[in-house]
Structures are given as C-alpha cells and as structure tokens.
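Please model the entire structure based on the sequences and the hints provided.
In this note's numbering, the protein residues as written are 1 to 278.
The hints are simulated quantities; they were obtained by calculation from the structure and are not laboratory data. Heads up, a few of these hints could be off.
Mimicking BS3-like on lysine-lysine, the simulated pairs with C-alpha atoms at most 25 Å apart in a straight line are [what the hints assert, rightly or not]:
1) K19 x K270
2) K19 x K253
3) K3 x K253
4) K19 x K273
5) K3 x K211
Simulated restraints, written as ranges between beta carbons of each label pair [stated by the list, open to error]:
6) V47 x K19: 13 to 21 Å
7) A155 x K211: 26 to 34 Å
8) T91 x Q30: 48 to 56 Å
9) Q29 x E180: 38 to 46 Å
10) E177 x R107: 28 to 36 Å
Glycine is no exception: its CB is placed at the ideal position from the N, C-alpha and C atoms.
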Amino acid sequence: MIKAIFFDIDGTLVTKQSKALYSTRLAIQQARKKGIMVGVATGRGPVHLAERIDCLTMDMFVTYNGQLVYQGEEDIYQHAFEPDVLKEIVTFADQEHRQIIFGGRRRVDGSYIMRLSQVGWVKRVATMMPSWFPVRTTKGLLQSFSPNRSKERYARLSILQEPIYQCVLFSAESETEKLERRLPNVTFQRSNPYSVDIIPKGGSKLLGIQKFLEANNIAFSEVMAFGDNLNDLEMLKGVGIGVAMGNAEEETKAHADYVTDTNENDGIYKALKYFEII
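Here it is, written out as structure tokens:
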C-alpha cells in the first residue's frame with residue numbers, strides 16, 4: 001500500500017511553462033483525500049518554492065537534493081556543508097572567477113546571473129535552448145566580463161556565515177572530471193547541461209526521503225516517486241514504485257519500474273490511475 005508520493009518538479013510536476021496541469025492538481029487532490037501524503041523531492045531550495053510548484057498543496061518537502069527536509073513548519077533533516085568543505089568551494093569559485101550561487105534556509109546569494117537563472121521565466125527560456133548551445137564559450141565570456149571579477153568576490157558574502165546546503169555552478173557537462181578532481185569532498189548532481197548542483201558528500205534525494213520516512217514510520221516499499229532526470233535515478237530505484245516521465249532521460253527510463261506519459265500530457269494522472277492509487 002502506497003502511503004507517500006514524491007515528485008520531482010521541473011520536467012515532472014510542472015510543464016515547460018512552470019504550470020501544473022489540471023489533471024495533476026486533480027490527481028494530487030484525490031491522493032490526499034485517500035490519506036496518502038504527497039510532496040516534492042527536488043534540487044531546488046525552499047526559497048520561493050510555492051511559486052516553483054504553482055502553489056500546489058504539499059505535505060512534505062525534500063529540497064536541495066535531499067539536504068534540507070521539512071514537513072509543515074518543522075525541519076526534519078538538515079545537512080549543511082562542513083566549514084572547510086564550503087571554504088574549498090568558495091576558493092575554487094573565486095580563483096576561477098566562476099558563476100555560482102549559495103543556497104541557505106531562507107535565501108540564496110552569489111552570482112547575479114545564476115540567481116536570475118533560478119527565476120521561473122528564465123528557466124522556461126532555458127528549456128528551449130538547443131543542445132548545441134555553447135556552454136563552455138558562454139562560461140568563458142561570463143568569467144571575462146564579470147563586473148565583480150575579484151580574488152575574493154564570494155568569500156565576503158554574508159550568507160556564508162549561515163548553513164549552506166547546496167551550491168549551483170554554471171558548468172558544462174564536459175567539466176565533470178575536472179570538478180571532481182578539484183572538489184573531491186562533495187557530491188555533484190546534474191539535471192541539465194548548463195549547471196551542476198554541488199551538495200555535501202554522499203547526499204541525495206533518496207537520503208532525504210529516507211529521513212522523512214524514518215520520522216513518519218513509513219517503509220520505502222510504501223513510497224512512490226516520479227522523476228525525469230539523472231538526479232532522480234537513485235530515488236526511482238530506491239522506492240517501492242519508481243515512475244519515469246515520458247520526457248525523461250533514456251537512462252532514467254531504463255531504471256524505472258514504469259514509464260508514464262510526459263509532463264505535458266497528463267503523465268502523473270495516468271500513472272496514478274494505472275497503479276490504482278486514485
């Protein structure tokens with residue numbers, strides 16, 4: 001029996017226009033009426049999250065790729081960077097003049113361009129960018145013309161005095177090995193070709209879900225999860241029923257228990273109907 005359902009946001013819970021389909025709203029409403037808890041498991045942070053999920057009613061929130069988990073007003077799990085690890089990230093970003101943002105509990109700070117990229121309409125534009133978009137060239141231009149090009153641009157940020165749960169770095173996929181060499185004490189999660197999420201070592205959406213389940217006496221076998229990208233893989237494999245959206249990456253589909261329709265074509269509603277959840 002399914003007692004909890006988790007949804008990734010972008011490419012899953014909402015459309016390219018960052019809107020929830022009517023069928024999705026109906027499905028979530030029906031599931032909650034049956035006593036099933038519903039929530040998000042996302043790489044996004046809690047800042048402006050209601051806007052990101054189109055004001056859907058949710059019971060629990062696994063944010064920052066599992067590093068901050070809360071239910072109502074109660075924080076269930078917090079896993080921030082250790083000070084020395086955060087310093088390594090800041091030093092790397094300052095020395096390399098990189099575009100990066102730092103995510104705290106109630107605010108995000110860092111590169112203005114990266115903060116802008118988290119805004120809804122900018123995310124929608126990003127989904128329309130072609131696969132041949134020159135990420136590496138653009139990164140170089142941003143570094144060269146940054147108005148804040150200084151040796152300690154980020155080190156002076158006041159947000160660094162607060163717990164930081166995730167950083168988002170403007171970075172092409174081709175940089176993966178370089179980043180792993182330079183920052184060996186973190187975990188990288190990627191949901192698009194243009195930026196990478198940096199979280200404390202060993203963190204994941206699945207771990208965040210586990211912390212929620214422990215607090216609510218629910219087993220993994222009683223959980224269903226929906227996702228579309230590579231940072232959803234572990235989550236889909238670890239729960240009782242892992243559902244990949246029709247628009248998901250092929251590797252994500254290959255490891256799911258079921259592949260539903262797309263996020264633009266009632267995928268969530270159809271899957272919940274298929275499994276007789278609603």
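Inset, instruction - Using the beta carbons of Q29 and E180, state whether their distance is inside 38 to 46 Å or not. - result: holds (43 Å)
Legend entry - Given hint K273 paired with K19 - CA-CA distance at most 25 Å: Roughly 21 Å between the alpha carbons, so the hint for K19 and K273 holds.
Inset, instruction - Verify the proposed pairing of K19 with K270, using a straight-line Cα cut of 25 Å. - result: Distance ~18 Å between K19 and K270 Cα, so the pair holds.
Legend entry - Agreement of K19 and K253 with the hint, judged by alpha carbon distance not exceeding 25 Å: holds (23 Å)
Inset, instruction - With 28 to 36 Å as the target window, see if E177 and R107 comply at their CB atoms. - result: Hint holds: Cβ distance 32 Å, inside 28 to 36 Å.
Inset, instruction - Mind checking the alpha carbons of K3 and K211 for me, to see if they're no more than 25 Å apart? - result: Given pair K3, K211 holds - Cα atoms ~15 Å apart, limit 25 Å.
Inset, instruction - Hint says 48 to 56 Å; check whether the CB-CB distance for T91 and Q30 agrees. - result: holds (50 Å)
Inset, instruction - Could you grab the alpha-carbon distance between K3 and K253 and see if it respects the 25 Å cut-off? - result: holds (23 Å)
Inset, instruction - Can you let me know if the beta-carbon spacing of A155 and K211 is within 26 to 34 Å? - result: holds (31 Å)
Inset, instruction - Could you check the hint for me, namely that V47 and K19 are 13 to 21 Å apart, CB to CB? - result: holds (20 Å)
When the structure is compared with the earlier hints, no violation turns up for any of them.
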